[in-house]
Every structure is written in C-alpha cells, then in structure tokens.
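Chains A and B supply the protein sequences, listed in that same order.
Per this note's numbering, the very first residue in the first sequence carries number 1; after that it's consecutive.
Per this note's numbering, the very first residue in the second sequence carries number 387; after that it's consecutive.
Hints should not be assumed to be uniformly reliable.
[Claimed, not checked] Covered by chain B, according to a simulated footprint, are these stretches of chain A (three or more residues, beta-carbon under 8 Å):
| id | stretch |
| --- | --- |
| 1 | 110-117 |
| 2 | 129-141 |
| 3 | 274-281 |
| 4 | 306-313 |
[Unchecked claim] Within a straight-line C-alpha distance of at most 20 Å, the following computed EDC-like cross-link-like pairs (lysine to aspartate or glutamate) qualify:
| id | chain 1 | residue 1 | chain 2 | residue 2 |
| --- | --- | --- | --- | --- |
| 5 | A | Lys259 | B | Asp538 |
| 6 | A | Lys111 | B | Asp455 |
| 7 | A | Lys101 | B | Asp537 |
| 8 | A | Lys111 | B | Asp622 |
| 9 | A | Lys111 | B | Glu406 |
| 10 | A | Lys166 | A | Glu248 |
| 11 | A | Lys111 | B | Asp763 |
| 12 | B | Lys454 | A | Asp169 |
| 13 | B | Lys683 | B | Asp763 |
| 14 | B | Lys407 | A | Glu141 |
| 15 | A | Lys259 | B | Asp537 |
| 16 | A | Lys166 | B | Asp622 |
| 17 | A | Lys166 | B | Asp455 |
| 18 | A | Lys259 | A | Glu248 |
| 19 | A | Lys199 | A | Asp225 |
| 20 | B | Lys511 | B | Glu581 |
| 21 | B | Lys511 | B | Asp448 |
| 22 | A | Lys199 | A | Glu141 |
| 23 | B | Lys511 | B | Asp593 |
| 24 | A | Lys101 | B | Asp593 |
| 25 | B | Lys454 | A | Asp110 |
| 26 | B | Lys454 | A | Asp109 |
| 27 | A | Lys101 | B | Asp636 |
| 28 | A | Lys259 | B | Asp502 |
| 29 | B | Lys454 | B | Glu581 |
| 30 | A | Lys101 | A | Asp58 |
| 31 | B | Lys632 | B | Glu601 |
| 32 | A | Lys101 | B | Asp455 |
Just so you know, these hints were derived from the structure itself, not from any lab.
Predicted model only: the values in this text are computed from it and were never measured.
Where a beta carbon is used, it is the ideal one built from N, C-alpha and C, also for glycine.
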Amino acid sequence: MPGGAVPLAWRNLVADKWRLLRSSAGIAFAVLLMLVQLGFERAFFDASLTQVRQLDGDLFVMNASKYCFGTRDPFAYRELDAIRRVSGIASTAPLYADWQKFFWTSPVDDKPHLVRVFAFDPAAPPVFLLPAIADQQALLETDNAVLVDSRSRRFLGMENPPAETKLNDQTVHVVGSFALGPDFMSDGSVVMSDRLFTKLLPGNRAPVGALPIEAAVIRLRGGEDVSAAQQRLRAALPPALTIMTKPELVEFEREFQAKLSSAAPIFWLGTLVGFAVGTLISYQIIYSDLSDRLPQYATLKGIGYRSSYLIRSVLSQAALTGLAGYIPAWLLGLAVYRVIGDIALLPLRMSLQLTAISLALTLGMSLLAGILAVRRVIAADPAEIF
Amino acid sequence: MRLRGLRVSGQLACRILIHEKGRSGLALAGVFIAIVLVFIELGFFVAVPQGGMLVYDHMRFDLLLASKDYAFQAQPWQFPRARLATAAAVSGVTQVTPLYFAGGSWRDPSGGLRLDIFLIGIDTKAQPFAVADIERQQDMLAEPNTILVDDDTRAVFGPLVAGRVVDLDGHRVTIGGSYHLGTGFLGIGVALMDEANFTRVTGRGTDPANLGLIELAPGANMDDVAAALHRALPDDVQIFTRGALKAHEDAYWTTRTSVGLIFGSGLVVSFIVGLMVLYQTLATQIARHLPEFATLKAIGYADAHLVAVVMVEAAIVVTIAFIPATAVAMMAYAVIRSQTLLPVVLTASHVGGVLSATLVMSALSAFLSVSSLRRADPADVF
C-alpha cells in the first residue's frame, strides 16, 4: 500500500513560494473581512452591555415595566425598606440614572450635549465595578462634584476634561474620570452624588430619600445562596418590581438588543459574504493548483494510489491553504481591532470564541472549495492525460 | 498602428476568455461576488446617513429654522415661537410651520412594559408631511386624544390597529391609524399628533418650538431668502437649506457616532478583498498562458501589447460580472430593508461609484499581475 508517509499536501503547498504567498494573501483578506464583521457584531453587543456589566451587585431590583436598562422608569424609594428587611443582604445601594434629561456643555464646541448620568450615595458601598469610580467616589461628597467618562465620544471633551463646565446649566466641578465607553444610545457618561442628582434633574423637587430610584444594587452576605435570596426578595416585594441576578440582568439587556437593534443581521450578512468570497478564492486557488498538477495526480493514480488517498491529500492541502491565510489574517485582525476600537471607542476584542468561529468558517470555506474542486482529480484518467 | 495594436489585444483577450470557458466562468463568478460585496458594504455605509435624513426627506420645506444648538433630528433643541413670526415676515417666505418633538412613554392600559416612543406634534392644516397615509388620515389627527403611529414602530408596542387605546405619558389616547414612513433614527417607535393633542399629552405649551419649516414663494431665490432670514433673526437660531441640512446630518452620523468608521472600514476591506479576487484571477490566467505570452514576445510583440491584453481581459470580465452583481445587490438591499429597517436604496450614483471603483480595482490588479509578464523570457519558458 503506497504510503500516507509522503506528506503530499504539505509538499504541494510549499512547492511554489510565490503562489503560496499570493493564495494566502487572497484567503487572508477574506478571513479578515469575516473577522472584522464578526468583531463588530460582538462589539455592538458588548458596548450596549457595558453599563450593566459594570454594575457591582449580586441582585438588582428594578421596575418590571423597564424594557431595557437604559430607560428611565424608577420605583418608589420606600421599597428600599422592604428590601433591607429581607435576610441575607449585606448592603443595598440605590442607583439613580437618567439617559434623556442631562445636557453637558462641551468645552469643544461650547454646546450642550445629551449625556447619561449615574448617581448614588458616595458614602454607600460602590455600585460600579470600575475601580476608578469606587476609588474616587468619596470626592463626590463635595458640592457640585462630578466624575466623567474619559472614553466618551470626543466631541464631549471629556478625555481631557475642563476643571469646570455646565451640566443642565449649572456649574459642576470635574474631580476625576473613569473609563466606561459610549454605547449606541449615549455618547458619554457622568457620575455624581445622589444629592447633586436631585438638584440637577429637571423638574425635580424631591430630596434624596424621596426621589424614586432606578435600581437597587444589592450585595449578599458571604456564603448566601443567590437564588434563595432572590426568592425571599420576590416574596417581600410587590409584583411590579423585578429581581434579577447579574447574569439575568446582562441576559435581559442582550435580549433587548438582539430584538430591537439592526446591528446583528448587518454584520452576519457581511460575514456570510466574506465566507462566500473566501470559498470562491479558495476554489480558484485549489482548482488552478489541481489543474496544473493533473498529470502528476493521474500518474499517482496510474501507479496504484487510490482516489481516497488523493482526495484526502487535496482536502488536507485545502485546509493547509486556509490555515496559511488564517494565521496572518488573525494577526492583522488584532491590529485592526486595536486601531478601530480605539478610534470608534468600541470594545473590539479578540476572544477565544471569535477565534474559534472564524477558524471554523475558514476551514469550512477551504474544505467546501476543496470538495468542489476534487472532482477533477477523481475524474483524472491516467490513460488520457498524456 | 496603435489603434490596430489595441484591436489585436482586444481580440486576443476575447479569444483567451472564450477558449477556456470553465476558467473564465470561475473568474466571472469571483469578480461578481467581489462586486456584490462592495455593493453591500457601500449600502450599509450610506444607509446610516440616509436613515438620519429619512423623516426630513418626507417633509415639506425649503428652509429649516432650528436652534443654534441643533445637534441632529432627534436632538434639535428649541427656540422661542416668536422666531417663527419674525421669519414669516421676511419677504419671499410664504409659510412657517412649527414642529414639536418630545420623548413619550407608551404603555398598554393592562400593564406590561413602559416603552419609549418619539412624539411629533404638527400643525395639521399646514400639512408638513408629504406622506400619503398621513394626508389621508389628517382629519383623524384633529380628533381629541388621537394619534397616528408609524408602521415601523417595533413589534413590542403591540398591534398598531385603529381603535386601540394606549397610555401615553399617563394620558389615554386612541390609535387613529398607522402610516408608512419609517422611524429613521428617532427611536424604536414614532407617534404623530396634532398640536392640541401633543400639548395635552406632553404637558408643554406651543412655545418654545423645536423646528420651523419654512416654505418660499415660487421663484424666490433660496440663498437670498436664507441670507435675509439670517439678518432678520437673532443668533439663537440658524437656517438650514436642504443641502446644508443633509451635510449636517451626514456629518453627525458618519463622524460623531463612529458609524462612518465602522461601515467605512467594512467598505475598505471589501475593496481590498475585491482587489485580491481580481488579482488572483488575472495572475492565474497569466501564469497559465505564460508560454503563449512568451511566444508572442519572441515573435516581436512589445510588452505594452501584452499588458493591454491583460487590461482588456480584466475590463471585459468586470463589465460582464457587473450586470448580474447589480441585480443581486438590488435583491440584497431589499432583504436588508426588510430585516433592518435601514433605508438602503440603490441609486444611480452608487451604481456609477461601484462601477468606477471596480474598474479601478481591475486596472490595479491587472497592473499587479503583469509583472510576471514583463519578466517572461521566451528563452526561459520552454
């Protein structure tokens, strides 16, 4: 039995260095296109999930009528008492937020721009995971002090924030910054004390302690079972309130984004087109290679190699060609993610999942092309070829 | 002599293409899909600014009066209503109509989610919208507590059927009907009301206004009237011509929101991929025919001739592939429109733009691939 010992696929692949370079470049760009599209799809989701992912709690109480986290739909402050009476809770911090009513006067153009605002009691345990917020929240105790998001869109001028500017026409002092990043509803974020929030919220007369709250951020005592505590809270609170664990909150937000945003189908279509282009490029490469080596394949058949060996060899060569394109594309993808992520303020990151999906798509397109092209080898008749 | 040479090159290119139908088909398919790719990415790239202009494109006005702080359509700010009267007094202006915007909260009376909806208040008599459904149902808007809803309002809002009663900012209102315009980037739902209902629901008066739609007398010079308005009005407002408004909204969506960068990079990568496909195709063809080309060189054909052959070949392939690619792009756009609510439309300028881009790509790839041709040495080849 003539041996599988001859690494025919490998030899064929590296036989012509120029051709290898050319074909891997073609495949690499098709892969890069898929990587960019897949990366954007992920980044769009991740950007909209950032605000809930950064919340620091085991359980969250919100109005059940909220359709997404980023809409103002607060519940009565007095519900906090009922929450605090539930056993197993270490701390309950009220979070105030608004997405539609706060206007930041940008030092860039001196015009007011809509920003997202989060507010909490600076003396309470942190409600955000971001260390920059947790470490600096004591600074918010002073009058009119705010923290700003240095990763806000640049026209807001928060990257190098002014010492003071106006928020809803009142002078505020910027005492520090944090890096959160924008999403597709908000261009930038401001964090302040609950006291300042009651002062700046348009039309509000309620003091802290009477102002409805957007979410209660609950931390459980060490060792408490999260779902048991969730059950106890459900029993203690009216049905108009919903109690979510952190993963449930993230999932709630993800579902909203998936249902209402157009981003996913756009990027999936882009990926699909990248796959089609990649398959075609791979097919062209394999087809030309096979055509050129048809006499050799026919000879191999003539001297007794089985079709199955040749098919295996062609498919391995197809997979290797795909890999040869994939590796540079993956590296280039890292750089592209970095650059675009920084400029567009998007959380574009290479993940294991993205790597796996794109690799599977690359091998899929190479093998598909290989299967389509291999018919020529099967049909090759040793007697006819010469 | 030069002309004859070109014709010979053309004939040779055709012969090569016809001679190997399978390979030529493959090349056509590759170029076809590359063009479709460029079309799709271009569609997305322009769809976003088009989405930003969608609602304006269906409004009647020659000039737009807006606050000096105007950001984009959904964040127009406001100005004293008195500015409308000042504008109306300027010669050449026939009509000035206020437009009111507000964010509303929508809920079914039986409970459920409290959804954000974009509210537009109009002076019905002035007919600011050039939308057949709205004009047809104009009398409906005059009914107390009655709204019209854009039929692109998302499914979570429930059935948008006439007669359904919903809570809008805590007021009971009845859906009078729906209209077909599109929500653009105003939000996940849009409702239209006349001024009286708008002020009742939102609890705000008709002063200040958010935008002013200015119509001019027939024959009035747009730029002259705009300049006169600029002189007559204080600097808390600004005047946009339609062209300036489009430029402003385009700039907002493409630069401020980084959407331009995202789809722009998709467009650039698609262009490179297209280039690679073309190059791959042509280089393979040349490699295949190197002995023939070398022979031609040996019998006295100049390099320029052979380069012309490749160029013509590229141009033929691109031109033939372009037609089905345009047809497929039109179908793809229709699918995108229905799936994403983005107003992706294939315009003549897109078609022209993609065609010229593809021809540039084919020239570039032909240029890249002929280097081996130049090196082709008749003595070496055999």
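Worksheet entry | Hints not upheld, ascending by number | Of the numbered hints, 2, 4, 7, 9, 10, 11, 14, 19, 27, 29, 30 do not hold.
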